[in-house]
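Q: Residue numbers (our numbering), protein chains in the order written: chain A, 1 to 268; chain B, 269 to 625; chain C, 626 to 900.
Source of the hints: derived by calculation from the structure; they are not laboratory data.
Here a beta-carbon is modelled for each residue, glycine too, at the ideal position from N, C-alpha and C.
There may be inaccurate statements among the hints.
Said to hold, decoys possible - What follows is a set of in silico ranges between Cβ atoms, one per label pair, in the way DEER data are often shown:
id, chain 1, residue 1, chain 2, residue 2, range
1, C, Ile663, A, Ile126, 23 to 33 Å
2, A, Ser40, C, Asp668, 53 to 63 Å
3, B, Glu597, A, Ser40, 29 to 39 Å
4, B, Gln327, C, Thr666, 22 to 32 Å
5, C, Ile663, B, Ser583, 50 to 60 Å
6, C, Ile663, A, Leu99, 23 to 33 Å
7, B, Glu322, C, Gln661, 15 to 25 Å
8, C, Ile637, A, Pro183, 22 to 32 Å
To be verified - Sample of chain A residues facing chain B (criterion: CB under 8 Å; computed from the structure):
id, residue
9, Lys32
10, Ser35
11, Met174
What the hints assert, rightly or not - Okay, derived cross-link-like pairs now, SDA-like style, lysine to any residue, Cα gap no bigger than 25 Å in a straight line:
id, chain 1, residue 1, chain 2, residue 2
12, A, Lys263, C, Thr717
13, C, Lys888, A, Asn159
14, B, Lys323, B, Ala395
15, B, Lys437, C, Thr734
16, B, Lys600, B, Ile590
17, B, Lys464, B, Asn601
18, C, Lys743, B, Gly489
19, B, Lys348, C, Thr717
20, B, Lys600, B, Gly570
21, B, Lys417, A, Gly229
22, C, Lys790, A, Gly229
23, C, Lys790, A, Tyr10
24, A, Lys45, B, Arg446
25, A, Lys4, C, Arg812
26, C, Lys743, A, Ile22
27, B, Lys464, B, Arg446
28, A, Lys92, C, Ile874
29, B, Lys515, B, Glu528
30, C, Lys714, A, Ser9
31, C, Lys743, B, Val420
32, A, Lys160, C, Tyr633
33, A, Lys93, C, Ile637
34, B, Lys544, B, Val420
35, A, Lys156, C, Val809
36, A, Lys92, C, Phe648
37, A, Lys4, C, Tyr701
38, C, Lys743, A, Ser40
39, C, Lys672, C, Gln661
40, B, Lys437, C, Ile747
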Amino acid sequence: MVKKIIMKSYLGLILLFMYLPIVVLIVFSFNKSKSRGNWSGFTLKWYRELFTNSQIMDSLYNTLMLALISSIVAVLIGTFAAIGIHNMKKFKKSVVMNLTYLPVLNPDIVTGVSLMIMFVFIGSLIGLKLGFLTMLLAHITFNIPYVILSVLPKLKQMNKHMYEAALDLGATSMYALRKVILPEIMPGIISGFLMAFTLSIDDFVISYFTSGSGVANLSITIYSMARTGVKPTINALSTLMFVSVLLLLILINIRSSREEKKKRQYDA
Amino acid sequence: MKRFLSKLLVLAVVLSTAALAGCGTAGSTAGGSGDKVTLKVYNWGDYIGEDVIEKFEKQYNIDVVYDTFSDNEVMHTKLKSGGADYDVAIPSDYMIRRMIDEGMVKKLDFNNIPNYKYIDQKFRDLAFDPTNEYSVPYMWGTVGIIYNKTMVTDQVDSWNILWNDKYKKQVFMLDSQRDSIGITLKKLGFSLNTKKTEELEKAKQELIKQKQLGVVQSYVGDEVKDKMIMGEAAFAVVWSGDAVFMKRENPDLEYVIPKEGSNLWVDSMVVLNSTKHQKEAEQFINFMCETDIAFENADYIGYSTPHSEAKKKMSPDLLNDIAAYPTDEQTKNCEVFEDLAGSIKEYDRIWTEISAE
Amino acid sequence: MNRKWVSYPYLIWMIIFIVIPSFLILFYAFTARDGQGIRFTLDNFYKFCEPIYISVLLKSLGLALFSTFVCLVVGYPVAMILASKQFSKSATLSMLFIIPMWMNFLLRTYSWLTLLEKNGIINSILSFFNLPKIDILYTDAAVVLGMVYNFLPFMILPIYTVLMKIDGKLVEAAQDLGGNSMTVFRRITLPLSIPGVMSGITMVFMPAVTTFVISKLLGGGQYTLIGNFIERQFIQLSDWNFGSAISMIMMIFILISIWIMSKFDEDKGGGAALW
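All chains, full assembly: derive it from the sequences and hints.
A: Next up, the structure:
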């Protein structure tokens, strides 16, 4: 019992640490003044302004589309890549892994600029301009390693012989993959997907250099506001995004726990 | 676990479709229609009146793609790579010089920009565009000291106050090589465009001395505004446009342009060489110089306008504020930045030595 | 095993989007552009050997290492608690560590300024209770705090994912055989979680070395880390050659550290594969 209390309070403490800045952000989205240094009363005007600001709305749309598509593609490519890498011989494996780490360990600015040079060069050959597509390709590229990095440990942990046993019992390799490997590594895939989605939302530098005219994402809009001051409109938007994710999470939870209850009753 | 993933996907899809529905217009404008010209404008973030673009689109039947950047160098890198095909950009003085030298901007046809006549004489013939062929000024300002009257008893009229060891940890310097070294050169009585090694060396010693005196709390960027409003330090080196905002938020703050002189900066509109719509680009620039529009922009941004008629429409309070509209006497020692060209590496080495001190 | 083909799409992707850009960087690092055009040179590397740059590099590596260590010490227990079946909704709970990242990075870091400043929120609360003020903004402590705050989820998640898969029966069996909880942890849980720990360390350490926004905002401009330095070469100075050379040097450092870690992983993790 004591142990449980200690565990809970430790977890609470860490969550407090994670959420303290978020709370501050949310509070300041209701601040009348444009400055975070000055609390001058409660207002909802930033929320109203938000929906009339087409620049912010456009970049929100770009951000979410980009995050969704890039993380799905990254999960598909990355998961299969991880399975392949897992089965590679030692030398080949370490070469591929080191290359995989490159976009993660390169400073964003280096990845961003080098991708930009390449896109501009290839683009001039095949008539492709910097735009949503190039930005998407860049996002997929920096997302894949995170998927691989979260799936690989699960593969390492998996019982090697299970897959072979399935084959011996007559399963096709596709079937065995679906029924044996995927369920085992699913938690890794999920955290990889989440990580990819989140990183894509948060990225500024790489997005900036690989985007073309008319396709700014939220980070680009926010960073470019810095000179004249990031307006609380952005805080308001972040608050809405945050609250909607949180609400959805809670809803899903309530529903699934109801389902579980039903199931348990049924089982009994 | 599998169910969890599908839930997550649902979550993501719901969010995205919500966004999609919310910005249904986004897709349609991006598509563009037949022979309507699309003009691509590249500007600092939050640096234009809220419905100015819309007004222009209606009046001229031109679509505008409007993008923003966060600093001159980042913008330059992007444009230089050939990856971006903008028609109009609004960089700062020294960057315009560099872009002219690198052949990135076009000469303007001033027959299409009759409203240029409203631009104050003070902002013509400037060093970065001495013959007024390439650029039309958009906003301007100075660099100076903002200080908190409740924390400072001395008279503030010189850069020397930032080297006074009475004020331990009370100074915010700008985290910008060009500006911090520039004001130090001014303090020492040199030009802030100097390329002379011995003058730069003296400035370096001076900045190191300032750091050793312990007066500098930090070298900061845009966050300095909030910090001064909160009273985190007594002094900060700031841009005048921000000073107007800070003074409004915290009346204890006061802005001065030190008597040794300082930097006078100008952000100007240019047409980029890659443009296919020079005429429309010039129409846009002309539109931005219409009195009402220039006023709307300056009023929204809070920076100072070089437009003589728009200035007349400003409130008397603002016109008397030295942060917004200093007199010619107050700016007589100020200089406009020129492009440093090769010396920029010298600056960077100095800056690294200071920051590693 | 004929499963290798599944990684081919990735290998092709990698060649186009990772290998080619890396060669570009390599090309820039070994060349210089002067009046006559582009020529091969090692100058960019010699230039870096000045003591001032080396000290910047060492400082960055040191800070990143320390932050990674803090993340591990703080994050491992979190992962264990999440995986401990004490909470029926541990997957949801683990998501709580990712959601903060949905708020823009710049905004979150500004938020820390609001919290940590001299007249900031934390100090206001402390002075309300007559406690001494803390003054850590613009110090190593603030930079480490910023790094830990931003990268902690990257440590927690991989460890949590791995811990979730550890067979509960194994732990029970060990307990039945008389192992106390400390022994069980040392002999069973810890060795089995090593793959997750490794992946966590990698995912924290690498971005921590190259960050420049955290050090800029929380450390102040007097605080040059290698990430800031590279950023300046690319953006302010347009010296892509020197910038590329520095990032190559850094890559080498990091690849060496990954290599050392993977050695370590092979030795210890080998046991885990037996189960």
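Q: Work down the list of hints and note, for each, if the structure agrees.
A: Hints, verified against the model:
no. : hint                            : in the structure
1   : C:Ile663 - A:Ile126: 23 to 33 Å : 25 Å, holds
2   : A:Ser40 - C:Asp668: 53 to 63 Å  : 55 Å, holds
3   : B:Glu597 - A:Ser40: 29 to 39 Å  : 35 Å, holds
4   : B:Gln327 - C:Thr666: 22 to 32 Å : 55 Å, violated
5   : C:Ile663 - B:Ser583: 50 to 60 Å : 56 Å, holds
6   : C:Ile663 - A:Leu99: 23 to 33 Å  : 26 Å, holds
7   : B:Glu322 - C:Gln661: 15 to 25 Å : 51 Å, violated
8   : C:Ile637 - A:Pro183: 22 to 32 Å : 28 Å, holds
9   : Lys32                           : 11 Å, violated
10  : Ser35                           : 5 Å, holds
11  : Met174                          : 17 Å, violated
12  : A:Lys263 - C:Thr717             : 20 Å, holds
13  : C:Lys888 - A:Asn159             : 22 Å, holds
14  : B:Lys323 - B:Ala395             : 33 Å, violated
15  : B:Lys437 - C:Thr734             : 22 Å, holds
16  : B:Lys600 - B:Ile590             : 13 Å, holds
17  : B:Lys464 - B:Asn601             : 20 Å, holds
18  : C:Lys743 - B:Gly489             : 17 Å, holds
19  : B:Lys348 - C:Thr717             : 46 Å, violated
20  : B:Lys600 - B:Gly570             : 23 Å, holds
21  : B:Lys417 - A:Gly229             : 23 Å, holds
22  : C:Lys790 - A:Gly229             : 47 Å, violated
23  : C:Lys790 - A:Tyr10              : 23 Å, holds
24  : A:Lys45 - B:Arg446              : 38 Å, violated
25  : A:Lys4 - C:Arg812               : 23 Å, holds
26  : C:Lys743 - A:Ile22              : 20 Å, holds
27  : B:Lys464 - B:Arg446             : 15 Å, holds
28  : A:Lys92 - C:Ile874              : 23 Å, holds
29  : B:Lys515 - B:Glu528             : 23 Å, holds
30  : C:Lys714 - A:Ser9               : 17 Å, holds
31  : C:Lys743 - B:Val420             : 18 Å, holds
32  : A:Lys160 - C:Tyr633             : 22 Å, holds
33  : A:Lys93 - C:Ile637              : 15 Å, holds
34  : B:Lys544 - B:Val420             : 55 Å, violated
35  : A:Lys156 - C:Val809             : 21 Å, holds
36  : A:Lys92 - C:Phe648              : 19 Å, holds
37  : A:Lys4 - C:Tyr701               : 16 Å, holds
38  : C:Lys743 - A:Ser40              : 20 Å, holds
39  : C:Lys672 - C:Gln661             : 21 Å, holds
40  : B:Lys437 - C:Ile747             : 20 Å, holds
Consistency note: the structure conflicts with the earlier hints numbered 4, 7, 9, 11, 14, 19, 22, 24, 34.
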